[in-house]
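Chemist: These protein sequence lines map, in sequence, to chains S and Y. Take the first sequence: its letter number 176 is residue 176 in my numbering, and every next letter is one higher. Numbers given in my numbering equal positions in the second sequence, counted from 1, plus 1000.
There could be a bad hint or two in this list.
[To be verified] For lysine-lysine, the following DSSO-like pairs were computed, each having C-alpha atoms within a straight-line distance of at most 30 Å:
| no. | chain 1 | residue 1 | chain 2 | residue 2 |
| --- | --- | --- | --- | --- |
| 1 | S | Lys270 | Y | Lys1107 |
| 2 | S | Lys175 | S | Lys270 |
| 3 | Y | Lys1108 | S | Lys175 |
By construction, these hints were calculated from the structure, which means they are not laboratory data.
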Amino acid sequence: MAMGNPSVALTPSAVIVTSGAGRRRRRGSVRILSPIAAVGLWQAASSSGILPPSKLASPASIARTAYDLVVHSSPTYGTIQASLLASCQRWVIGFVLGIVIAVLLAIVTGLSSTCETIFDPLLQALRSVPLLGLIPLFIVWFGIGQLPKVLFVLLSALFPMYLNTFAGIRGVDSKLGELGQVLGLRRSELIRHVVLPGALPAALTGLQLSVVASLLALVVGEQINATSGLGFMITQAQQFLNNSVIMVALIVYAILGLLANGAVRLLERKVLAWRRDFVE
Amino acid sequence: MAPRLRGVKEHDLISEQTVVSAPGQLTAAPAASVRGLSRTFGDRTILAGLDLDIAQGEFIALIGRSGSGKSTLLRALAGLDREVTGQISVAGPVSVAFQEPRLVPWKKVLANVALGLRGPDPRDRARIALDEVGLTERADAWPGTLSGGEAQRASLARALVREPRLLLLDEPFSALDALTRISMHRLVLNLWTRHRPAVLLVTHDVDEALALADRILVLGGGRIAHSSPITVPRPRDRDHPDLIALRLSLLTELGVPAGDTD
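For reference, chain S alone in the conformation it holds in the complex (with noise of 0.2 Å):
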């Protein structure tokens, strides 16, 4: 409870940012100089054989090997098409649900403060449990077929989350909440304008971190008695001690990553225009 005069003025224009924006796009071309050199090196020394082909191969053979894969259907690995289809759907379902779970715990428990008893002790005991050490668990509980690689996608995509979620909804500021209330606001116009549009900076972070964590929690998911998906890729690979094609997997993964974390960066400067405004 505020008491006396507040002394601190807050014009939110106060907060302006100039950034070195320009600067840094130009820059962004030389930026590239850096990783193109590191292949070239890691291409040269492949080629003149100071690093054997048993334990890396060259860029040139792992693009071959990429176009191999995508061309013909090998019979040890299948496709990387089919590949992708299959990691995707399952990152894709655990993701969705995940996310979808956490924002709904986050409201039950952000807006009230007894829902918040109930379950947040709950959601913070099992966040502290590390996920991966679930996996034995996992397979004992839910064998080793689609289900449990789901559900720990699931479960990665839906702590980072909550816990952002729940952090931006009771971070709105209390002041907006006293104008609601002089403005005559219902309490469900007050969420719908006030609280959730001001959780939602929060909430994109946590959407950030959860794309992290529910990819980790696909490579290393999927890897456990996959019979499809990158993961079963790798490990046959890994058997035929083939690192090219675990390779290939990896760098699908990571374009996988770019892809989902260029899609979060792109609904963050759609939605939180209001931000850009003045902090660009």
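Position chain Y relative to chain S; hints supplied.
Modeler: Leaving out everything else, chain Y in the frame of chain S:
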């Protein structure tokens, strides 16, 4: 939404009727009436049985030293403080303009003004209100892009569009530069003349109070310690002899020795 103290609902109806039947009469039911209002924070008593009547359409400036309870009284009138004891009755809708404009950052200016507005065509009415404060061309701007003065004007538009019977202004100009403040004073007087809400302006600026108010109240010891009506017609000359005399007596009342002001 704000739970007023009991018996206010009936009060609302009575005074609405009074106003309709006797337009222009300031002495009818007061716009707000406060009896025995007390508020303590811990063991500090901020308000101690305060009584106050605000007539319909009256412009009151409330001054007092820091921590004298000016904002506490305003928050109580706004229905934001549930821990006050005593009686408050308010005739009709109350609007507040806060010290910080409190625009919702993720709503454009027009949507901010229309937020929670009931009745037909809220956006049209909001547009008219923005027009009145001279902010028409900023209707589509994000609040974060407004200047301090523009943001306060938007906040005033949002308060006025609700056609309040009582308008509470909590030091809304204190963070503005001197020039902007002068133009805001003109704007407020203009809007007040046109809409005639009762106004309670909390300020620590004696000159602001002298320029705007019908009556200046000094808060001290948890009550209204001093009340000075001002009859000098507006727009007021700062150097009007009555105002000079009143300024001196108010500053003395506030405990600032004469000749010690800026």
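Chemist: Now look at each hint and say whether the structure bears it out.
Modeler: Each hint, compared with the structure:
Taking the CA atoms of lysine 270(S) and lysine 1107(Y), the gap is near 14 Å; set against the 30 Å cutoff, the hint holds. Taking the CA atoms of lysine 175(S) and lysine 270(S), the gap is about 26 Å. The hint holds against a cut of 30 Å. This hinted pair checks out: lysine 1108(Y) and lysine 175(S) have alpha carbons roughly 18 Å apart, not beyond 30 Å.
Checked against the numbered hints above, the structure breaks none of them.
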